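As a plain string of letters, each chain reads:
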Amino acid sequence: MKKFDATFEDGTDGYQPANPGKYPGHVSGFDVRTFDSGSKVFNIEFTLAEECKNMEVHKQKREGSMYKEVYNGSNEPEMISSGFMTGKKYRSAGVWLTPNLPKDQRWKNRTYKEFFTNIGIEFPVNSNGVVDLQEIEESDVIGMPAIVEVKPYTYTNKDGEEKTSLRVLSVFPWNDGSKKEFESQTSAPF
Amino acid sequence: MGRLTIKEVGDLTKSGILNKKAVEELESKGLVGTRNRGTKYYLKNGKGKVYPQLYFKGLGKQTKPSGKMKDFRDEFNKLLEKFGIKE
Chain F
20 MKKFDATFED GTDGYQPANP GKYPGHVSGF DVRTFDSGSK VFNIEFTLAE ECKNMEVHKQ
80 KREGSMYKEV YNGSNEPEMI SSGFMTGKKY RSAGVWLTPN LPKDQRWKNR TYKEFFTNIG
140 IEFPVNSNGV VDLQEIEESD VIGMPAIVEV KPYTYTNKDG EEKTSLRVLS VFPWNDGSKK
200 EFESQTSAPF
Chain B
662 MGRLTIKEVG DLTKSGILNK KAVEELESKG LVGTRNRGTK YYLKNGKGKV YPQLYFKGLG
722 KQTKPSGKMK DFRDEFNKLL EKFGIKE
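Top line first, the protein sequences correspond to chains F and B.
Numbered per the numbering used here, the first sequence spans residues 20 to 209.
Numbered per the numbering used here, the second sequence spans residues 662 to 748.
Bound conformation, chain F alone (with noise of 0.2 Å):
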């Protein structure tokens, strides 16, 4: 062997896998798919932002699909620095929006209107006071900041496999954070 200029310790390098939480983040990506019936379901991606340096969070290891928080000795959480979060991407969660729902119905496009609200969207209000829920386009929402709560999600794949991945299945206002320039997916790539 020859000397090389690196060194590393098994207590503090080892791997440390994402770990579910609330998190500043940007919207990175947006995707959207329409079905015959004119429901639409967005995806919509976010990137976890430099300011989860500043943040320390309690450790949680994964079981299997579960994740538990971990414990030191004395029984008191442990706690680490999420900077190792910074940059990792997440997809939300389908949220769906449904066209012409009757009024007893309407409760069904809730968590649009949420979502895309506390992403900073505003969405205008008519003449009685009702919310005009209008369409979501990449450029209304990419770079936008927010809140975001990482959790574990699980789904049933093409293969009848059920899977577990860490998604985006709520989010809150981050009034204090900035707009980030991301490039859209949707420019043309010349």
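Keep in mind the hints are simulated off the structure, nothing from the lab.
Note that this is a predicted model, so its numbers are computed, not measured.
Among the hints, erroneous ones may be present.
[Unchecked claim] With a straight-line Cα cutoff of 20 Å, these simulated DMTMM-like cross-link-like pairs (lysine to aspartate or glutamate) come out:
id, chain 1, residue 1, chain 2, residue 2
1, B, LYS690, F, GLU133
2, F, LYS80, B, GLU686
3, B, LYS668, F, ASP50
4, B, LYS681, F, ASP195
5, B, LYS710, F, GLU95
6, B, LYS675, F, GLU97
7, F, LYS87, B, GLU669
8, B, LYS690, F, GLU75
9, B, LYS675, F, GLU133
10, B, LYS747, F, GLU95
11, F, LYS132, B, GLU686
12, B, LYS668, F, GLU141
13, B, LYS718, B, GLU736
14, B, LYS690, F, ASP195
15, B, LYS710, F, GLU141
16, B, LYS668, F, ASP195
17, F, LYS132, B, GLU688
18, B, LYS710, B, GLU686
19, F, LYS108, F, ASP50
Position chain B relative to chain F; hints supplied.
Chain B alone, transformed into the frame defined by chain F:
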């Protein structure tokens, strides 16, 4: 859409991610919990840990707990300290 706990808002404020104005806005939109989550207590049932819970059925987001309900919770917390094991 869920809510942030008081502790989470405190941690985000301490980290400089939220300022006072942002917290007030979150609170005004009902996106912050209204009570602190204290120490967890559990009982053993021979197989593992069992966590006693107090739940007021019918207390929605739009309603606030009454004084009697708060007293009830305080008494419940005393019972947890008496019978439960601190986690």
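Comparing the hints with the structure gives:
A threshold of 20 Å between alpha carbons decides the hint, and for LYS690 (chain B) with GLU133 (chain F) the separation of about 11 Å falls inside it, so the pair holds. Under the criterion of a C-alpha separation no larger than 20 Å, the hint pairing LYS80 (chain F) with GLU686 (chain B) is inconsistent with the structure, at around 33 Å. Restraint check: the Cα-Cα separation between LYS668 (chain B) and ASP50 (chain F) comes to about 33 Å, which exceeds 20 Å; the hinted pair is violated. Between LYS681 (chain B) and ASP195 (chain F), the direct Cα distance comes to roughly 10 Å. Compliance with the 20 Å bound is thereby established for this hinted pair.
The hinted pair formed by LYS710 (chain B) and GLU95 (chain F) meets the criterion: a straight-line CA distance of about 17 Å does not exceed 20 Å. Under the criterion of a C-alpha separation no larger than 20 Å, the hint pairing LYS675 (chain B) with GLU97 (chain F) is consistent with the structure, at around 18 Å. The hinted pair formed by LYS87 (chain F) and GLU669 (chain B) meets the criterion: a straight-line CA distance of about 18 Å does not exceed 20 Å. Using a Cα cut-off of 20 Å, the hinted pair LYS690 (chain B) and GLU75 (chain F) is violated, with the two alpha carbons roughly 26 Å apart.
Using a Cα cut-off of 20 Å, the hinted pair LYS675 (chain B) and GLU133 (chain F) is violated, with the two alpha carbons roughly 26 Å apart. For the suggested pair LYS747 (chain B) and GLU95 (chain F), the alpha carbons sit about 11 Å apart, so the restraint of at most 20 Å is met. Between the alpha carbons of LYS132 (chain F) and GLU686 (chain B) the distance comes to roughly 17 Å, so the proposed pair stays at or under 20 Å and holds. Proposed proximity of LYS668 (chain B) and GLU141 (chain F) is contradicted: the alpha carbons are some 28 Å apart, above 20 Å.
Restraint check for LYS718 (chain B) and GLU736 (chain B): satisfied, since their Cα atoms lie roughly 18 Å apart, inside the 20 Å limit. With a CA separation close to 16 Å, the supplied pair LYS690 (chain B) and ASP195 (chain F) stays within the 20 Å bound. Annotation: proposed proximity of LYS710 (chain B) to GLU141 (chain F) is violated, straight-line Cα distance about 46 Å (limit 20 Å). For the suggested pair LYS668 (chain B) and ASP195 (chain F), the alpha carbons sit about 19 Å apart, so the restraint of at most 20 Å is met.
Restraint check: the Cα-Cα separation between LYS132 (chain F) and GLU688 (chain B) comes to about 18 Å, which is no more than 20 Å; the hinted pair holds. Annotation: proposed proximity of LYS710 (chain B) to GLU686 (chain B) is violated, straight-line Cα distance about 38 Å (limit 20 Å). At most 20 Å may separate the alpha-carbon atoms for a hinted pair to count; LYS108 (chain F) and ASP50 (chain F) meet this at roughly 14 Å.
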